[in-house]
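Asks: Here is what each chain is made of, one letter per residue.
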Amino acid sequence: MTAEQGTDRGADVRWALLTGGVKGVGKKYSQDRWAARATADGRAVVLTVADGHGSAAHFRSDLGARWAVEEFTACAEAFAHEAVRVGADAAGWPELRAEARLLPQAVGHRWHRRARFHDSSAPARGASPAQRAAAHRRARGRGTPDLAAYGSTLLGAVLTEHTLMCWQLGDGDIVLVDDGGVPHTPLSSGPDMGDETDSLCEPEPWRKTRTHWQPITGGPPPAVLLSTDGLSKSFADHQGFLDFATGVRERAAGQGVAAVQGQLGDWLARAAKYSGDDTTLVGAFGARYDTSDATGGHEPHE
Amino acid sequence: MASRPVHFIWLLDCSGSMSVNGKIGQLNFAIREAIPEMQQAADSNPAASLLVRAISFASGASWHVSEPTPVSSFSWEDVHTYGGTDMGAAFKLAAGALQTPPMPQRALPPVLALASDGQPTDDWRAGLRAIDGTPWGKRAVRVAVAIGDDADKSMLKEFLANPELEPLQAKNPRQLAAAIRWMSTAVVKDASTPKVEDAKPATPLGPPLTKVEGEADIW
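Protein chains in written order, with the UniProt record's numbering: chain A, 1 to 302; chain B, 1 to 219.
A hint or two may mislead.
In the EDC-like style, the derived pairs of lysine to aspartate or glutamate whose C-alpha atoms are separated by at most 20 Å in a straight line are [claimed, not checked]:
| id | chain 1 | residue 1 | chain 2 | residue 2 |
| --- | --- | --- | --- | --- |
| 1 | A | K28 | B | D43 |
| 2 | B | K189 | B | E77 |
| 3 | B | K138 | B | E166 |
| 4 | B | K189 | A | E196 |
| 5 | A | K208 | A | D192 |
| 6 | A | K273 | B | D190 |
| 7 | B | K138 | B | D190 |
| 8 | B | K153 | B | D123 |
| 9 | A | K28 | B | D190 |
| 10 | A | K23 | A | D62 |
| 11 | B | K157 | B | D132 |
| 12 | B | K138 | B | E158 |
| 13 | A | K27 | B | D190 |
| 14 | B | K138 | A | E196 |
| 15 | A | K27 | B | D43 |
| 16 | B | K157 | B | D122 |
| 17 | B | K171 | B | D217 |
| 18 | A | K273 | A | D237 |
| 19 | A | K208 | A | E196 |
| 20 | B | K153 | B | E164 |
| 21 | B | K138 | A | D192 |
| 22 | B | K189 | B | E37 |
| 23 | A | K27 | A | E82 |
| 24 | B | K138 | B | D123 |
| 25 | B | K171 | B | E33 |
| 26 | A | K273 | B | D43 |
| 27 | B | K171 | B | E213 |
Because the hints were derived from the structure by calculation, they are not lab data.
Same shape as in the complex, but just chain A (with noise of 0.2 Å):
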């Protein structure tokens, strides 16, 4: 996992990045994994979290999550540059979109090619005889591998002065922060019910990964959380998620993101408690950069 803490410059915009991630109750280790990290000279940011499903059925989705972020970031670091290339030339976004649309594919080849892999070359660690006598029977059933074992979910965000794109399969939020404190959830597809989740070990999971796009054309851009669903399901209801949004977004603003990040982990670990789940989030907060002021700063301004 990566994670950068700071600003990082761009031409315009300045990025703040907030990561945190605590492992869940009794849990003897998180099958959590993020990155946050500005590219293309600090002129975009990729975020991405992914949660592996954790239990006895899946009992490698710790590598799942760790694979997904890898493949995620390279991925989505090379669609960064082109979408900082493009710029605001809306000649150029259908492009970019069509680009887009075409990054879940990628990462889901790459994904499967290393679960794979792995599954080939070392069959037997960690499973019980009857883990693996029911995978052969699943592999059986479908005739194409059972990746199980490595199932994880993926979300993830680019983010340049210009445009928002996001990408999500599984459960898991991404919440985007205006600029007047309202959140949207724009690839929220409704309450979660239980703990079922899409998933990067099914045959072509891009097939049920979500995309948003978002032209940014004035003001400055919103503030983009990801985060694992042990985050929201830790509240007692929606609202109390999105207020924890909006909250976290305000006071970046009020205190800077360095504040926010100091007290992260403790909010995290109290969110833990209830969901008694991993529970991570990343975000990138924006801010544009005023040439005029030759001293710059460590914090963006809004």
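Once you've looked at the hints, dock chain B against the given chain A.
Replies: Just chain B now, kept in the frame of chain A:
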């Protein structure tokens, strides 16, 4: 912030045949004895709040415990036999409880635990369709115990909705107690296990209900 509820619903056969050879008494005893272990299982998972209730069915069906009761304050009052085996009516009653509302959207999958010793005497398929027609019903973790040889095991298997699973079989009081204990604990833990969408229900396999030497099958 708040932990998520797990709704556990007993579906108990109270037909006349359950009074033969003390089955109903052993069922009451087994459930009562399993409560402390159920409470322990709930304590070990602070992220879930276990809420228990029960339906009895014979000639018709009714709520034996109608309020979802926190397991910490749950106590058992005996059920009694009173007629046929209207399992379909019990399913319909459960289906009503599995609608959203009254079930919250933010919850862990409910558990439906069925115990029966005979053949349903009403349209149980219609009742099962009603359960499957609710958002939580089709996500429910389902377990079933067949008490004695006369239980309709193929019907119970259909209730489980997973061709890889079989109903538990209890042919004597010890096996019934083991089955009820397992249904009360292991299944509760499984209900909070993540599932890949479209996968078959991942209800855990039951305990091996082997025969102890010298033990007779009395049912």
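Asks: Check the hint pairing A/K27 with B/D43 against an upper bound of 20 Å on the C-alpha distance.
Replies: holds (15 Å)
Asks: Tell me if the straight-line CA distance from B/K138 to B/D123 falls inside 20 Å.
Replies: holds (19 Å)
Asks: Run the distance test for B/K138 versus B/D190: straight-line Cα separation, threshold 20 Å.
Replies: Judged against 20 Å, a Cα distance of about 16 Å means the pair holds.
Asks: Are B/K157 and B/D132 close enough, with their CA atoms no more than 20 Å apart?
Replies: holds (15 Å)
Asks: CA of B/K157 to CA of B/D122, is that 20 Å or under?
Replies: Given pair B/K157, B/D122 holds - Cα atoms ~17 Å apart, limit 20 Å.
Asks: Compare the distance between the alpha carbons of A/K28 and B/D43 with 20 Å, and conclude whether the hinted pair is satisfied.
Replies: holds (18 Å)
Asks: Quick one, are A/K273 and B/D43 close enough, alpha carbons at most 20 Å?
Replies: holds (13 Å)
Asks: Regarding the pair B/K189 and A/E196, is the alpha-carbon distance no greater than 20 Å?
Replies: holds (15 Å)
Asks: Is B/K138 close enough to A/E196, meaning Cα to Cα at most 20 Å?
Replies: Since the Cα atoms of B/K138 and A/E196 sit roughly 12 Å apart, the hinted pair holds (cutoff 20 Å).
Asks: Please verify whether B/K171 and B/E213 have alpha carbons no more than 20 Å apart.
Replies: holds (14 Å)
Asks: Taken at face value, is the distance from the CA of A/D192 to the CA of B/K138 at most 20 Å?
Replies: Roughly 14 Å separates the two Cα atoms, so the pair holds.
Asks: Would you check the hint for A/K27 and B/D190, treating anything up to 20 Å between C-alpha atoms as holding?
Replies: holds (15 Å)
Hint violations for this structure: numbers 2 and 23, all remaining hints satisfied.
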